[in-house]
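Chains as they are written, first to last, in the working numbering: chain R, 6 to 271; chain A, 6 to 271.
No lab work stands behind these hints: they were computed from the structure.
Please read all numbers here as calculations on a predicted model, not as lab measurements.
Take these hints with a grain of salt, some might be off.
Same chains, same label: a pair holds when it works inside one copy or across any pair of copies.
[Said to hold, decoys possible] Listed below are the simulated SDA-like cross-link pairs for lysine to any residue, each with C-alpha atoms no more than 25 angstroms apart in a straight line:
id: 1; residue 1: LYS170; residue 2: HIS250
id: 2; residue 1: LYS116; residue 2: ASP75
id: 3; residue 1: LYS116; residue 2: ASP161
id: 4; residue 1: LYS170; residue 2: ALA63
Protein chains: 2
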Amino acid sequence: MTLPRVLTIAGSDSGGGAGIQADLKTFQELDVFGMTVLTALTAQNTVGVHGVHEVPPAFVRAQLDAVVTDIGVDVVKTGMLSSAPLIDAVADGIAALGLDRVVVDPVCASKHGDPLLRPDAVESLRRRILPLATVVTPNLGEVEILSGVTVRTRADLRPAAEAMKALGPRWVLVKGGHLEGDDAVDLLFDGQTEVVVTAPRSETADTHGTGCTLASAIAAHLAHGEDVVTAVRSAKDYVTGAIRHGVRLGRGIGPVDHGWRRRAPA
Amino acid sequence: MTLPRVLTIAGSDSGGGAGIQADLKTFQELDVFGMTVLTALTAQNTVGVHGVHEVPPAFVRAQLDAVVTDIGVDVVKTGMLSSAPLIDAVADGIAALGLDRVVVDPVCASKHGDPLLRPDAVESLRRRILPLATVVTPNLGEVEILSGVTVRTRADLRPAAEAMKALGPRWVLVKGGHLEGDDAVDLLFDGQTEVVVTAPRSETADTHGTGCTLASAIAAHLAHGEDVVTAVRSAKDYVTGAIRHGVRLGRGIGPVDHGWRRRAPA
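Only chain R is shown next, with the shape it has when bound in the complex (with noise of 0.2 angstroms):
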């Protein structure tokens, strides 16, 4: 027996919710085997973050080397890079590798808003990341903090879309779940195509993890072959899935439920 094997080189988050953990938990549902390559730790709750530790840019590396060079890739996600010299260190090693399927959660803070990459680094994100991804899954924090451009309506999702194709990637999905109106509205664009991705809003404040399981569940979804419109559909069903039966723990923003779909089906 073997498994599509996904690869997530992002930080984690002690409570559970986000991070690599939010991606192996998806990754499992979702039957692929789930690797790591661990750039930060964060001493995280449903409250905040309430510190973080960066892990060495050389033991990123490291970690990259042995998972790639023994058991293989087929398709990888990146999230919070923390910093520009792991930025670097991922970009070299993406490239040095030829790892050529990389879904791109530019994770610039946490729910709560605290902070998960320094201000010096969007730089680096932008001129070394973006151009690596095979999709980008912007909200609209970070759509304007990469690109510059404020969506404030739906019809600015367009133009939005068009600035972050600009710095490089193959496809953008700009998520407007934050947009007002009863559905949550995403546009995913690759400078010519653009699809429309609609799910019912969930009234719960149970939403932590949500980026991360949404670019987690994309590149699973690759990982099983479907095409990248394919894939952002069927991991657009299962994040909403996931959001509309959060989990109620800790005194903040619970963790959505990953295992749904066997917990409680349709």
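Following the hints, position chain A against chain R.
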């Protein structure tokens, strides 16, 4: 919706087969909410451990405080603790936070034989961690290192369990999997009751992560309300199936399949 909460305090295996990766995969499959306190990162694959980065002890405690004071923890599992200062941080934290259901996998080395505990930390593990254990799950090598008892035949399992019990845990599970015989025989012992747990041995080389998986499965079953004897039997069933359905990945010792019950129903 909520879930029982299980925390692993352990190392990271970049290759995804052991460590907190195996723990989180187990927790996900056994329907508990998994959280992590990372003690050390390894650059590891199916061939061996190619590097270790220890987390500062104060940051281990910060992760533990973040998780316990907000989300709460029903059962703790410990794995790779790496050094004496890390063991002190973990033991101090478990005591200060009043965590009283603790499954201890007394990890000394990886499946490849690479060290995961510094030689000068053995005494700390013995003196500070074993007395906190609801169940400790040594293999035969760990029994010898921790208690000085050498197990060569099944008749040696009882004296080994007695020697381990004298170090302070409530229950000892001596894992006899490396003894000769058609079955893998473990002995569970609390100073009075002796329970023999047998399982058919599998013809597979892909056994990376079995120790982590067994201990985290015991923790998950305890969190669901099972008593120790029942939880150990349930966990042994789970890991036996996971070994039987090992995943063929890498040039060395491949991982067990945590999702075997869904992927290969009996």
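Verification of the hints:
When the C-alpha separation of LYS170 and HIS250 is checked against a cutoff of 25 angstroms, the pair qualifies neither within a copy, at 33 angstroms, nor between copies, at 43 angstroms. Taking the shortest Cα distances, LYS116 and ASP75 sit within 25 angstroms of each other only across copies (16 angstroms), while inside one copy they are farther apart (35 angstroms). With identical chains, the CA atoms of LYS116 and ASP161 are at most 25 angstroms apart within one copy only, with a shortest distance of 23 angstroms there and 54 angstroms across copies. In this assembly of identical chains, the alpha carbons of LYS170 and ALA63 never lie at most 25 angstroms apart, being 30 angstroms within a copy and 42 angstroms across copies at closest.
Violated hints, listed in ascending order, are 1, 4; each of the other numbered hints is respected by the structure.
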